[in-house]
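Read top to bottom, the protein sequences are chains A and B. Per this note's numbering, the very first residue in the first sequence carries number 34; after that it's consecutive. Per this note's numbering, the very first residue in the second sequence carries number 14; after that it's consecutive.
Treat the hints with care, as some may be off.
Dumping the calculated DSBU-like pairs for lysine-lysine here, alpha-carbon to alpha-carbon at most 35 angstroms [stated by the list, open to error]: (1) 418/A / 253/B; (2) 205/B / 418/A; (3) 163/A / 302/A.
Here are the computed distance ranges between Cβ atoms for each label pair [as the list claims (entries may be wrong)]: (4) 455/A / 132/B: 24 to 32 angstroms; (5) 151/B / 258/A: 38 to 46 angstroms; (6) 16/B / 437/A: 14 to 22 angstroms; (7) 150/B / 94/A: 53 to 61 angstroms; (8) 123/B / 148/A: 38 to 46 angstroms; (9) 209/A / 25/B: 48 to 56 angstroms; (10) 163/B / 359/A: 14 to 22 angstroms; (11) 66/B / 137/A: 53 to 61 angstroms; (12) 76/B / 373/A: 27 to 35 angstroms; (13) 437/A / 38/B: 57 to 65 angstroms; (14) 209/B / 343/A: 37 to 45 angstroms; (15) 375/A / 74/B: 33 to 41 angstroms; (16) 450/A / 163/B: 32 to 40 angstroms.
Now the stretches of chain A that chain B is said to cover, found in silico as 3 or more residues with beta-carbon under 8 angstroms [said to hold, decoys possible]: (17) 141-147; (18) 411-418.
Treat the hints as calculated values from the structure; they're not laboratory data. Just so you know, even glycine gets a beta-carbon here, dropped at the ideal spot from N, CA and C.
Letter by letter, the chains look like this.
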Amino acid sequence: MATDATRKAAEGLLHALPLPEGEAGWAREARAAARTRLLEAGAPARRDEYWRFTDPATLTTPLEPVAEGVAEAGPGTTPFDALDAVTQVFVNGQLRADLSDPLALEGVAAGRLGEVLGQDITIARELFGKLEAAGHEKVDRPLAMLNTATAREGLMLQVTGEAPKPLHVRHAQVGEGASVLRHLVRVETGGSLTLLESGTPTNSVIEVDVADGGTFRHIRVQTGARAPSAAHVFARIGEGAIFQSFTLMADGQLTRNETVMELAGDNAKGHIAGAVLGKGDAHLDNTVFVTHSALNGESRQVFKNVLEGTATAVFQGKIFVREGAQKTDGYQISQAVILEDGAEFLVKPELEIYADDVACSHGSTTGALDPDQLFYLTARGVPRKAAEAMLVAAFADEAIDEIEDETVAEAMRAAVGEWMAARG
Amino acid sequence: MLEIRNLEVSLEEEDKQILKGVNLTVEAGKVHAIMGPNGSGKSTLSYVLAGREGYEVLGGSAELEGENLLEMEAEERAAAGLFLAFQYPVEIPGVNNMTFLRTALNAQRKARGEEEMSAPEFLKLVREKAKELEMAPDMLKRSLNVGFSGGEKKRNEILQMSVLEPRLCILDETDSGLDVDAMKLVSEGVNKLRSPDRGFLVITHYQRLLDHITPDVVHIMADGRIIETGGPELALRVEKEGYGALKAGA
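Please model the entire structure based on the sequences and the hints provided.
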């Protein structure tokens, strides 16, 4: 519930971002409902339990939209550049068709959010704001509400077949201010898509509905010098459907990623993994909320954090098993290697279980690299820094191995290697 | 080749002196054995020479070919030609055995200003040496020492030694955990490396390894010092009479 202060902060956020115009009635209703939710919840504040480890101040400062025309240059490089993908480039929160591939991918019907919200499209109506609205069980996610209320740009993807290559959504920001993106994904039965995502809009939300027997894979990189950002993924996984996500998060000032996933159908699989590389005063937060609502669901959370300087990594991971969700298999591991004193890893694992025939486990470790392993490697002539890089690569690999596609996994390994090499 | 003079070492954390003035010279082409009871300081000596952290040198010196070992990092000692075959080779999940060895070899070569070895050349060399040690090819592809039996780990140590071709080989309790067949294989691997320009320091608790690797000189270590030095017959005497008798006589 909002206090006077957090309601004021929420009003400030809404005020800074202009109301979209010319939308269909159902879209306006979804916006209005989200505004109401946000004003009732209030903006996140430090004393909220859910924000105990991450100060939301930089995320709740009202920012005007970043200017559209600023970026003429291309958006630089990403670890995905060598992969064959259909790339859609967003600069400062705006789709840049001139920098993008034609939006055409076999098995996928794609449209722009702005256009979709102006029409009466059933799938869009069933998705937009719906998974977000359902994703506040136990805790509010006000920044996602803000996104539903204000986002004007993004993609709507309906996946009816097996997409032969990934779709890459790439975002670059060159100006000061807020960039807001919203993507809607519906994977139909038998459909399959890998979505690559790079860059960090100030506020982004993806709603993904994976129908029975569908497959959705999400690989995301958030690297380099970046402004503070909050990203939410809301996923609903149907019967026998698969959702897999991997995020590589490196450096930047403050990044909060929330993944809210419901295993809604029997025999659903949801895997969420990530590698976090933090130096300087980076603050990198992975917050995961997994709900098991059906029989025989399998969820995995695997997060590896490598930290130096005064970097902070946060992992909040919850497994929530509803009554009747028997034979649930829920697994969670979060680990950190601290390369220098001064860095820290803050962890909050949580299990909440209302079914009696389940197997759920969580574990977490924090420590330095193993001195015996380091000695063994250096005693064979491997220089100290290279030995550290070998051990870090092996450590991060345990998360990267969760990626199905070996080409993508290699790209992630290379990115980890580059980060370690850049330590000098 | 290796010159140790009055070496005194304590544990950094415990302020407990382990080595109390060790004197030892290993000449090129010779095999020196150090025998001694548990806790005599044998393994500490090997770790201090190889550059493990956690020890404080209180006095004395250790030089390899005239270079001061004690001022060098572990990797510099390796590049200078020192090799320690570990008593307990460390398991490193996720680090590929061959990738590791090639990285180590080329890092040493680079440090010495030599040309790096190409991948095909390296592969050929490693396969040849592995075959001599009767190592299954899949051991090369696995994570470093992970899931290896005690004997396999020791064979992997000797494989590394064969590929890296060090000047001075220190074998720390290489016989521990080996059955008779494995001991024979490992010893053969070591004996193949014996050459006029390479020195060996073989640390062992039992005489049995020395049946396979015949030493030129045998030292007995007790309570942080070398208390007796002799020929191979000294090892046999230890086997017969035990360390107690020697200590009493020293």
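Here is how each hint holds up against the structure:
1. Under the criterion of a C-alpha separation no larger than 35 angstroms, the hint pairing residue 418/A with residue 253/B is inconsistent with the structure, at around 49 angstroms.
2. Taken as a hint, the residue 205/B and residue 418/A pair is honoured in the structure, with Cα atoms around 33 angstroms apart against an allowance of 35 angstroms.
3. For the suggested pair residue 163/A and residue 302/A, the alpha carbons sit about 21 angstroms apart, so the restraint of at most 35 angstroms is met.
4. One distance hint, 24 to 32 angstroms for the beta-carbon pair residue 455/A and residue 132/B, holds here, with the actual separation near 25 angstroms.
5. Remark: the range hint 38 to 46 angstroms for residue 151/B to residue 258/A is upheld by a beta-carbon distance near 44 angstroms.
6. The beta-carbon spacing between residue 16/B and residue 437/A, approximately 57 angstroms, falls outside the hinted interval of 14 to 22 angstroms.
7. Checked against the hint of 53 to 61 angstroms, the C-beta distance between residue 150/B and residue 94/A comes to roughly 60 angstroms, which is consistent with it.
8. Hint check: residue 123/B to residue 148/A, Cβ distance near 58 angstroms, so the stated range 38 to 46 angstroms is violated.
9. Evaluation of the 48 to 56 angstroms hint for residue 209/A and residue 25/B yields a pass: the beta carbon distance comes to about 51 angstroms.
10. Taking the beta carbon of each, residue 163/B and residue 359/A are about 44 angstroms apart, not inside 14 to 22 angstroms as hinted.
11. At about 59 angstroms, the beta-carbon gap between residue 66/B and residue 137/A stays in the expected band of 53 to 61 angstroms.
12. Checked against the hint of 27 to 35 angstroms, the C-beta distance between residue 76/B and residue 373/A comes to roughly 34 angstroms, which is consistent with it.
13. The hinted window of 57 to 65 angstroms between residue 437/A and residue 38/B holds, with their beta carbons roughly 59 angstroms apart.
14. The beta-carbon spacing between residue 209/B and residue 343/A, approximately 55 angstroms, falls outside the hinted interval of 37 to 45 angstroms.
15. For the hinted restraint 33 to 41 angstroms between residue 375/A and residue 74/B, the CB-CB distance of approximately 37 angstroms keeps it satisfied.
16. Between residue 450/A and residue 163/B, the C-beta spacing of about 33 angstroms keeps the proposed range 32 to 40 angstroms intact.
17. Counting residues of the segment 141-147 of chain A whose CB lies closer than 8 angstroms to any CB of chain B gives 0, so the stated coverage by that chain is violated, three being the minimum.
18. Counting residues of the segment 411-418 of chain A whose CB falls under 8 angstroms from any CB of chain B gives 7; the rule of at least 3 is met.
Against the hints set out earlier in the document, violations occur for numbers 1, 6, 8, 10, 14 and 17.
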